[in-house]
Amino acid sequence: MEVVFPQAKELRSILSAATAFLSEGTFKAKNDGIFLASLDSANVAVIIVDMYPNMFLDYKIDGEEEIFTVNLEDLKKILSKAKTKEQISWKTDKKKNKFILSIKGKSTRSFTLPLIETEGNVLDIPSLDLRIKLEMDAKAFSEIVSSAKVIADELKITTDPDKNTISFIAEGELKDMRIDLTSQDEGVLSMEVPEKVTVRYSVDYLYKITKVATISDTVMIKFDQDKPIWLDYRSLDKFRFGFVLAPRE
Amino acid sequence: MEVVFPQAKELRSILSAATAFLSEGTFKAKNDGIFLASLDSANVAVIIVDMYPNMFLDYKIDGEEEIFTVNLEDLKKILSKAKTKEQISWKTDKKKNKFILSIKGKSTRSFTLPLIETEGNVLDIPSLDLRIKLEMDAKAFSEIVSSAKVIADELKITTDPDKNTISFIAEGELKDMRIDLTSQDEGVLSMEVPEKVTVRYSVDYLYKITKVATISDTVMIKFDQDKPIWLDYRSLDKFRFGFVLAPRE
Amino acid sequence: MEVVFPQAKELRSILSAATAFLSEGTFKAKNDGIFLASLDSANVAVIIVDMYPNMFLDYKIDGEEEIFTVNLEDLKKILSKAKTKEQISWKTDKKKNKFILSIKGKSTRSFTLPLIETEGNVLDIPSLDLRIKLEMDAKAFSEIVSSAKVIADELKITTDPDKNTISFIAEGELKDMRIDLTSQDEGVLSMEVPEKVTVRYSVDYLYKITKVATISDTVMIKFDQDKPIWLDYRSLDKFRFGFVLAPRE
Chain F
904 MEVVFPQAKE LRSILSAATA FLSEGTFKAK NDGIFLASLD SANVAVIIVD MYPNMFLDYK
964 IDGEEEIFTV NLEDLKKILS KAKTKEQISW KTDKKKNKFI LSIKGKSTRS FTLPLIETEG
1024 NVLDIPSLDL RIKLEMDAKA FSEIVSSAKV IADELKITTD PDKNTISFIA EGELKDMRID
1084 LTSQDEGVLS MEVPEKVTVR YSVDYLYKIT KVATISDTVM IKFDQDKPIW LDYRSLDKFR
1144 FGFVLAPRE
Chain E
904 MEVVFPQAKE LRSILSAATA FLSEGTFKAK NDGIFLASLD SANVAVIIVD MYPNMFLDYK
964 IDGEEEIFTV NLEDLKKILS KAKTKEQISW KTDKKKNKFI LSIKGKSTRS FTLPLIETEG
1024 NVLDIPSLDL RIKLEMDAKA FSEIVSSAKV IADELKITTD PDKNTISFIA EGELKDMRID
1084 LTSQDEGVLS MEVPEKVTVR YSVDYLYKIT KVATISDTVM IKFDQDKPIW LDYRSLDKFR
1144 FGFVLAPRE
Chain A
904 MEVVFPQAKE LRSILSAATA FLSEGTFKAK NDGIFLASLD SANVAVIIVD MYPNMFLDYK
964 IDGEEEIFTV NLEDLKKILS KAKTKEQISW KTDKKKNKFI LSIKGKSTRS FTLPLIETEG
1024 NVLDIPSLDL RIKLEMDAKA FSEIVSSAKV IADELKITTD PDKNTISFIA EGELKDMRID
1084 LTSQDEGVLS MEVPEKVTVR YSVDYLYKIT KVATISDTVM IKFDQDKPIW LDYRSLDKFR
1144 FGFVLAPRE
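Chains as they are written, first to last, in the working numbering: chain F, 904 to 1152; chain E, 904 to 1152; chain A, 904 to 1152.
Just so you know, not all the hints are guaranteed correct.
[To be verified] Derived lysine-lysine pairs resembling DSSO-like cross-links, with alpha carbons at most 30 Å apart:
hint	chain 1	residue 1	chain 2	residue 2
1	F	Lys994	A	Lys1007
2	A	Lys994	E	Lys1042
3	E	Lys979	E	Lys1066
4	F	Lys1111	E	Lys1007
5	A	Lys999	E	Lys1099
6	E	Lys1066	E	Lys1052
7	E	Lys1007	E	Lys1052
8	E	Lys1066	A	Lys1009
9	F	Lys1078	F	Lys988
10	A	Lys1078	E	Lys1111
11	E	Lys1052	A	Lys1001
12	E	Lys1042	A	Lys999
13	A	Lys963	A	Lys931
14	A	Lys963	F	Lys986
15	F	Lys1009	A	Lys1078
16	F	Lys988	A	Lys1066
Keep in mind that the hints were calculated from the coordinates and are not lab data.
For reference, chain F alone in the conformation it holds in the complex (with noise of 0.2 Å):
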């Protein structure tokens, strides 16, 4: 394999959020992009990095499919050390068992990591049917996530067919927060609430997602009675960053 991104930003912003649950990655680079997917290490949520062709400068895949693990820490450290609008590129040596990543600026530095040799793979993605649909502005659900976490551990979020609601609710012992969104509130851009439901996450896991996913202006949420919530942060054509939590009992 060997793919060129034109700039460091979005690649920094995806791993950076990978990196806060998983401390190795493994990709799968097939001729349609390079995937990710992937048990969080406490088990609870799924990681799912989509970097598709449209994404690269240049894009090579040796052979049809080609896996290959490396230490996301490592990634996420070098990855630091570029700036926004520096080049980076990726190539495997599977004969050396090396990964060597550059970053082209007023310099070219390489860094050479080596291929971990794992048993992990890429998961499939559930097909989960997710009946509630809600397409926001990512820093407003980021607010009501950061809200919540004053209030309690756990976000409730109910829906209402009748009067086309999601209302995220925390509750405190005697304190609450509750926030009732239609399709007319300015953070909302699409809705659609056809059954009720009641629904718990984790507050934490919802605001560390919320605070490393800075990746794309909207976040696509859906969930449902006893289902995960789904989120997804994406470019369309170029890059996906989804997040799938389970739901609490």
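Position chains E and A relative to chain F; hints supplied.
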């Protein structure tokens, strides 16, 4: 009570300053404003908050006078989630014993806090005859205190009515700092020095207040022999943040 | 001695860099400038500060030569209270054994520090014949060191006179980093590579110096086989901040 602040900015600054010294706040809401005056937890300083009806977009008090106590830490945390220009409303529900704070931005976030039962009351603000008066740039005063903190834990202030100067002095072992202010100094707006006095105050307290009191551009400073120092940060017809600190022996 | 710096900015940067390595500073003031040259507390590096008369607004030395020692930590703390464009004056009072620093802004703040009695002297700067010379963008050099730090605690530098390249190499267990600089690189201003050498220096020391040395846009780097590396940050006729680091065995 139901009142609306046109924007979070000033309220946030005022409460942030108050919370540095108080964990709970007892407010008295009347037709001419909402007032807090309380000894700090160390019983060394008095914190005064006056918010006049001009500060509000809507202002409605139940009856002649309403006294309520809320946890200031909670209030501060919630307000930290509001953006500078978002509208804030406060509402008391005496029957349910609740305090409701709403933030109106892209969506409306409502927070409910318990009203605290307390013996706390609003102090009658002592009437102090402080003859030395100095109105100056708040940042310039902050620099004086911050410079003194490098040298000592006590700020000595001496005045000389003949030369019309106020001197700020910090004396450490071997090291010292001295600043002589006259009415000609750029940071000084007005100065009244009718008497020769020498007073001493805790640098730590003054430092703490100058760090948090980013409420107004100027500060009115008053003090006198063997008497407290009184700092007033205000926007004339809107609000006042006062701070009264006892002298060192 | 009585000298005036037109603004705090440069002095603050220089002293902040020196204080990272020295707790006390012994200065020699002469007609052609004020000089400091001292081994760092770990006896591994030499710190050099030259401040030429052009750096000052007023410059007056008592006698031919005046040597004085002050606590650099105190000096740095006091200067941190000065704003970038405030005027700074230094004055020694040998009779009272005092060093007086004044900051002239909206008001004048005067600080008095003791002159320290010390056997400390100004080192004679070693005359070193270092044949490899590289003048480059200071930020680009900082990036090289900072990238190396991710990988290892030692920076290896090799030169190739045939290809006219200087290579910076960090070798960790399994991981490594490599940067090849030629005179064509954007960050390189000039390069002299007459010999083939391989030298090693502590990354931590170089990292520390590149973090604090935000004094000039470019850095002159000199080194040679089995010899120290010498970094010079300078503004030609005003000042120089030099740093000489012994090689690793």
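Please verify whether Lys994 of chain A and Lys1042 of chain E have alpha carbons no more than 30 Å apart.
Holds, at about 27 Å.
Does the alpha-carbon distance linking Lys1066 of chain E and Lys1052 of chain E stay inside the 30 Å limit?
holds, 26 Å
Are the Cα atoms of Lys994 of chain F and Lys1007 of chain A separated by 30 Å or less?
Roughly 57 Å separates the two Cα atoms, so the pair is violated.
Proposed proximity, Lys1066 of chain E with Lys979 of chain E (alpha carbon, max 30 Å):
violated, 45 Å
Restraint check for Lys1007 of chain E with Lys1052 of chain E, where alpha carbons must lie at most 30 Å apart:
This hinted pair is violated, its Cα atoms lying about 40 Å apart.
Can the restraint linking Lys988 of chain F and Lys1066 of chain A be considered satisfied, given a maximum Cα separation of 30 Å?
holds, 29 Å
Lys963 of chain A and Lys931 of chain A were given as a pair; does the straight-line alpha-carbon distance stay at or below 30 Å?
holds, 13 Å
Within a Cα-Cα threshold of 30 Å, do Lys1052 of chain E and Lys1001 of chain A meet the stated pairing?
Measuring from Cα to Cα gives roughly 20 Å; hence the hint holds.
When you check the alpha-carbon spacing of Lys1009 of chain F and Lys1078 of chain A, does it fall within 30 Å?
Roughly 23 Å separates the two Cα atoms, so the pair holds.
Is the hinted pair Lys1042 of chain E and Lys999 of chain A satisfied, with a Cα-Cα distance of at most 30 Å?
Answer violated: Lys1042 of chain E to Lys999 of chain A is near 33 Å, above 30 Å.
Could you grab the alpha-carbon distance between Lys1111 of chain F and Lys1007 of chain E and see if it respects the 30 Å cut-off?
Roughly 24 Å between the alpha carbons, so the hint for Lys1111 of chain F and Lys1007 of chain E holds.
For the pair we were handed, Lys1066 of chain E and Lys1009 of chain A, check the Cα-Cα distance against 30 Å.
It holds: about 19 Å lies between the C-alpha atoms, which stays within 30 Å.
Consistency note: the structure conflicts with the earlier hints numbered 1, 3, 7, 9, 10, 12 and 14.
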